[in-house]
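Participant: The hints should help you fit chain Z onto chain D, whose structure is shown.
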Amino acid sequence: MNVQQKATLQKLGPFLALLVLATGLAITSPDFLTVGNLLNVFRQVSINALIAFGMTLVILLGGIDLSVGSILALSSVLTALMLSHGIDPVVATSVGVLAGAGMGMLNGLVISKGKVAPFIATLGMMTILRGRSLGLSDGRPISGLHSDFFAMLGGGYVAGLIPVPVIIMLVMFAVFWFVLKKTVFGRHVYAVGGNEEAARLSGINTDRIKIWVYTLSGAMAATAGMILTSRLSSAQPTAGTGYELDAIAAVVLGGTSLTGGRGWIFGTLVGALLIGILNNGLNLLGVSSFYQQVIKGVVILLAVLLDRANKK
Amino acid sequence: MLIKMSGISKAFGPVKVLENVEFSLERGQVHALMGENGAGKSTLMKILCGVHQADQGQIAVDGKTVKIHSTNDTEQYGIAIIHQELNLIPQLSVMENMFLGREPQRFGVINSIKMREQCLEYLQLLGIENLDPDIEAGQLSIGQQQMVEIAKALSLNAQTLIMDEPTAALSERETEKLFAIIADLKSRGVGIVYVSHRMEEIFKVCDKISVLRDGQFVGEREIVKTNFDEIVRMMVGREIGDRFPVRNAQLGEIRLKVSDLADASISGINFEVRAGEVLGIAGLMGAGRSEILKTIFGINRKLAGRIELDGQALNCNQPSDAIAAGIGFVTEDRKNQGLVLGMSVRENATLANLSAHASYGVIHHARQMQVVQREIDRMHIRTRDAELEVQSLSGGNQQKVVFAKWLGIAPKVLLLDEPTRGVDVGGKAEIYQIINELAQSGVAIVMVSSELPEVLALSDRILVMHQGRQAGIFSQASAETIMTAATGGLK
Numbered sequence: 001m002n003v004q005q006k007a008t009l010q011k012l013g014p015f016l017a018l019l020v021l022a023t024g025l026a027i028t029s030p031d032f033l034t035v036g037n038l039l040n041v042f043r044q045v046s047i048n049a050l051i052a053f054g055m056t057l058v059i060l061l062g063g064i065d066l067s068v069g070s071i072l073a074l075s076s077v078l079t080a081l082m083l084s085h086g087i088d089p090v091v092a093t094s095v096g097v098l099a100g101a102g103m104g105m106l107n108g109l110v111i112s113k114g115k116v117a118p119f120i121a122t123l124g125m126m127t128i129l130r131g132r133s134l135g136l137s138d139g140r141p142i143s144g145l146h147s148d149f150f151a152m153l154g155g156g157y158v159a160g161l162i163p164v165p166v167i168i169m170l171v172m173f174a175v176f177w178f179v180l181k182k183t184v185f186g187r188h189v190y191a192v193g194g195n196e197e198a199a200r201l202s203g204i205n206t207d208r209i210k211i212w213v214y215t216l217s218g219a220m221a222a223t224a225g226m227i228l229t230s231r232l233s234s235a236q237p238t239a240g241t242g243y244e245l246d247a248i249a250a251v252v253l254g255g256t257s258l259t260g261g262r263g264w265i266f267g268t269l270v271g272a273l274l275i276g277i278l279n280n281g282l283n284l285l286g287v288s289s290f291y292q293q294v295i296k297g298v299v300i301l302l303a304v305l306l307d308r309a310n311k312k
Numbered sequence: 001m002l003i004k005m006s007g008i009s010k011a012f013g014p015v016k017v018l019e020n021v022e023f024s025l026e027r028g029q030v031h032a033l034m035g036e037n038g039a040g041k042s043t044l045m046k047i048l049c050g051v052h053q054a055d056q057g058q059i060a061v062d063g064k065t066v067k068i069h070s071t072n073d074t075e076q077y078g079i080a081i082i083h084q085e086l087n088l089i090p091q092l093s094v095m096e097n098m099f100l101g102r103e104p105q106r107f108g109v110i111n112s113i114k115m116r117e118q119c120l121e122y123l124q125l126l127g128i129e130n131l132d133p134d135i136e137a138g139q140l141s142i143g144q145q146q147m148v149e150i151a152k153a154l155s156l157n158a159q160t161l162i163m164d165e166p167t168a169a170l171s172e173r174e175t176e177k178l179f180a181i182i183a184d185l186k187s188r189g190v191g192i193v194y195v196s197h198r199m200e201e202i203f204k205v206c207d208k209i210s211v212l213r214d215g216q217f218v219g220e221r222e223i224v225k226t227n228f229d230e231i232v233r234m235m236v237g238r239e240i241g242d243r244f245p246v247r248n249a250q251l252g253e254i255r256l257k258v259s260d261l262a263d264a265s266i267s268g269i270n271f272e273v274r275a276g277e278v279l280g281i282a283g284l285m286g287a288g289r290s291e292i293l294k295t296i297f298g299i300n301r302k303l304a305g306r307i308e309l310d311g312q313a314l315n316c317n318q319p320s321d322a323i324a325a326g327i328g329f330v331t332e333d334r335k336n337q338g339l340v341l342g343m344s345v346r347e348n349a350t351l352a353n354l355s356a357h358a359s360y361g362v363i364h365h366a367r368q369m370q371v372v373q374r375e376i377d378r379m380h381i382r383t384r385d386a387e388l389e390v391q392s393l394s395g396g397n398q399q400k401v402v403f404a405k406w407l408g409i410a411p412k413v414l415l416l417d418e419p420t421r422g423v424d425v426g427g428k429a430e431i432y433q434i435i436n437e438l439a440q441s442g443v444a445i446v447m448v449s450s451e452l453p454e455v456l457a458l459s460d461r462i463l464v465m466h467q468g469r470q471a472g473i474f475s476q477a478s479a480e481t482i483m484t485a486a487t488g489g490l491k
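Taken in sequence, the protein lines are chains D and Z.
For the first sequence, position 18 (counting from the first letter as 1) is numbered 18 according to our numbering, and the numbering increases by one without interruption.
For the second sequence, position 388 (counting from the first letter as 1) is numbered 388 according to our numbering, and the numbering increases by one without interruption.
Looking at chain D on its own, in the form it has when it is part of the complex:
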């Protein structure tokens, strides 16, 4: 086995883990390998996956975005308020996503122009935005979103079978894969994450790259927020709490390095599926929700430890 084959195998590690887990569940639980259950898992995964796609870019830059959960909540509250005031659902949804992008852009500006560490900048933003969504909604869920279009985002099916959120997830996956692999912007993300100084001295506008990446992360969080709000038929000001950690876990499980410059979007999709299937499987097997958390944590640690051992 030559070096490149070994590297490829290593990259596929998370995928193999996913296959093993799925096979194990298929054997132990008769309910797991049914079309209904699998589509259900995919739909549950889609929200985390969408946030994690944006987070992948952030982590490729060597950054972190803790504010995604709050962005999700505030953009959901904004859209829900617009809907309850009878604003056109397409407009309301678009404005919600754009608002999320704007919040992300603010992160990017503070981090690049203000030279604030991403952890601190997004931690501050997380608190501010959570406060705003609680303030705007008076701390209460906003319901009464009477719109077929909006209900379709989270609850609709394409061809009567595939949930709309799954379609959105797969389309965004393709877009992110293409952007990271084939575009100048995508390669510049890797370059800035790999060696910011060398990238800057090669004429790359590193600030602009950072601002765009955090903007995208915000937009993805808001998109996930639209789906969540649609599914629940109401916007919760406390929605998305802790989602940043699930997204980071998916990215890291997928093999993207927290130090930046290394990673891929396929890994993130697999990472999100791993977490989703683990949740689903543990539910099917009737494991108590307290133990579910313990097991999830152990799996994450094991995956990263294995990755470490492999690289040595």
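To be clear, the hints were calculated from the coordinates, so they are not data collected in a lab.
A hint or two may mislead.
[As the list claims (entries may be wrong)] Subject to a maximum C-alpha distance of 30 Å in a straight line, what follows is the list of computed DSSO-like cross-link-like pairs (lysine-lysine):
(1) K46(Z) <-> K67(Z)
(2) K428(Z) <-> K46(Z)
(3) K115(D) <-> K335(Z)
(4) K302(Z) <-> K115(D)
(5) K186(Z) <-> K46(Z)
(6) K113(D) <-> K335(Z)
(7) K186(Z) <-> K4(Z)
(8) K335(Z) <-> K182(D)
(9) K181(D) <-> K115(D)
(10) K186(Z) <-> K114(Z)
(11) K11(D) <-> K16(Z)
(12) K11(D) <-> K182(D)
(13) K335(Z) <-> K428(Z)
(14) K428(Z) <-> K412(Z)
(15) K16(Z) <-> K67(Z)
(16) K296(D) <-> K11(D)
(17) K335(Z) <-> K11(D)
(18) K225(Z) <-> K4(Z)
(19) K257(Z) <-> K412(Z)
(20) K225(Z) <-> K181(D)
(21) K113(D) <-> K302(Z)
(22) K257(Z) <-> K428(Z)
(23) K257(Z) <-> K225(Z)
[What the hints assert, rightly or not] To spell it out: a stretch of chain D is covered by chain Z in this simulated footprint if at least three of its residues, at any positions, have a beta carbon under 8 Å from a beta carbon of chain Z; those stretches are:
(24) 177-184
(25) 195-201
Beta carbons: idealized from backbone N, C-alpha and C, even for Gly.
Facilitator: Coordinates of chain Z only, in the frame set by chain D:
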């Protein structure tokens, strides 16, 4: 015999890096270890330091066979290494660095008075007692940091010192100081392994030379019984022609004109470079050589003066402005500033002009590959595959990738800062050839180098810096003239 390594073999996977290598060091001896990059010098030294373990062979210290399992063992055997990249913690003081992990203490509290005393003792030993033990290591020049590392090694009672390219970042004066210290250490019976590419130095300070080639031990020579040519032959295994290619560039119009340039640490810089010309910049470390390049390229803020490119005023606030105007900059620190080490040769070679290989932001992989392959062929970049990570290449080949990156923008002016640092003899000759060809094709080149022979052989004219100011520009100059000007002896 202080150190005797015999029959050392080491393989990383299927790749044999060392095969049956011998090396020995006596007390009071300075023993040069030479060989091209990739010859196995570093691996051999890493085995001696416990970073790697040999697959076969024996190591004896003071005649006793020992097993060095980890870097922790080396202290016990009196072996210390002074790395090329210095290992001091910049935020800690000189004395804290020196006694890191073994601070003198009383009831668990650090005894600073005692620590300072002991620190001064060792600094005195090296004749650098004017260094303040309380100053942060990060504030020191690279030369001073190196002295602190040596003092630290002595405080650990090291009998064997391994110096890896010790003069790479030193000024001429600091180098002299280092050589005096080496002589002093010799007289105390310390054995020194001296790893370097700089032939002149080795003939000055070493007693013996051992040469490695492709992981094999080629031979050992007494310094007094050998010469430059023989060692180069042993290293490359073939005759290499002239060290420096013949220059025959035709000078054209003035490309770059700099008048009264100043930044925070330099001022009053005036020069012009014509198409096809190589302007060398010489001077001591810290004299402001690199600052000239950084100010032109828009890294340092220009405080005064005028820069003209092809007769047009040029104001670069950031590197991208300079690049857009047709200026490339081969930086001195390849690993931190020149390359994204985890990216492929292909991506590094097109980093400065990726957009030129794309339409609507989407990269044309085939077109990009074609250009990169052409550069790989033209510059003889030795890589199995353009998709390999650039960090797997040798120093010389990495540097050629940096050149490829800048050739991609079809530069009018190329700024070079220490273009052959950490590059082996064969690689140097190739880089000189590249510089020459670039000049011939009409590029104006400004080159900073600490290697005087290199500056003398490659430059059409030489600008000498002294303490942030220009000491003069010379068309015909000997090494002596330049050193005099650089040390402020010319007014």
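Participant: None of the hints should be skipped; say for each whether it holds.
Facilitator: Verification of the hints:
1. The straight-line distance between the Cα atoms of K46(Z) and K67(Z) is roughly 13 Å, inside the 30 Å bound, and the hint therefore holds.
2. Among the hinted pairs, K428(Z) with K46(Z) is consistent with the structure: their alpha-carbon atoms are about 25 Å apart, no more than 30 Å.
3. The hinted pair formed by K115(D) and K335(Z) meets the criterion: a straight-line CA distance of about 23 Å does not exceed 30 Å.
4. For the proposed pair K302(Z) and K115(D), the alpha carbon gap of about 22 Å is at most 30 Å, so the pair holds.
5. Restraint check for K186(Z) and K46(Z): the C-alpha separation of about 23 Å stays at or below 30 Å, so the hint holds.
6. For the given pair, K113(D) sits about 25 Å from K335(Z) by alpha-carbon distance, which is consistent with the 30 Å threshold.
7. Restraint check for K186(Z) and K4(Z): satisfied, since their Cα atoms lie roughly 18 Å apart, inside the 30 Å limit.
8. Distance restraint check for K335(Z) and K182(D): the Cα-Cα separation of roughly 25 Å lies within the 30 Å cut-off, and the hinted pair is therefore satisfied.
9. The hinted pair formed by K181(D) and K115(D) meets the criterion: a straight-line CA distance of about 28 Å does not exceed 30 Å.
10. Note on K186(Z) and K114(Z): the hinted pairing holds, with a Cα-Cα distance of about 28 Å set against a maximum of 30 Å.
11. Simply put, K11(D) and K16(Z) have alpha-carbon atoms about 27 Å apart, close enough for the 30 Å limit, and the pair holds.
12. Taken as a hint, the K11(D) and K182(D) pair is honoured in the structure, with Cα atoms around 19 Å apart against an allowance of 30 Å.
13. Taking the CA atoms of K335(Z) and K428(Z), the gap is about 18 Å. The hint holds against a cut of 30 Å.
14. For a cut-off of 30 Å, the pair hint linking K428(Z) to K412(Z) stands: about 23 Å separates their Cα positions.
15. Between the alpha carbons of K16(Z) and K67(Z) the distance comes to roughly 21 Å, so the proposed pair stays at or under 30 Å and holds.
16. Restraint check for K296(D) and K11(D): satisfied, since their Cα atoms lie roughly 21 Å apart, inside the 30 Å limit.
17. For a cut-off of 30 Å, the pair hint linking K335(Z) to K11(D) stands: about 25 Å separates their Cα positions.
18. For the given pair, K225(Z) sits about 22 Å from K4(Z) by alpha-carbon distance, which is consistent with the 30 Å threshold.
19. Restraint check: the Cα-Cα separation between K257(Z) and K412(Z) comes to about 13 Å, which is no more than 30 Å; the hinted pair holds.
20. About 58 Å separates the Cα atoms of K225(Z) and K181(D), which puts this hinted pair outside 30 Å; it is violated.
21. Distance hint between K113(D) and K302(Z) is fulfilled; the C-alpha atoms sit about 21 Å from each other, no more than 30 Å.
22. With a CA separation close to 29 Å, the supplied pair K257(Z) and K428(Z) stays within the 30 Å bound.
23. Our distance criterion of 30 Å between C-alpha atoms is broken by K257(Z) and K225(Z), whose separation comes to about 49 Å.
24. Counting residues of the segment 177-184 of chain D whose CB lies closer than 8 Å to any CB of chain Z gives 3, so the stated coverage by that chain holds, three being the minimum.
25. Coverage of the segment 195-201 of chain D by chain Z holds [criterion: at least 3 residues with CB-CB distance below 8 Å; count 6].
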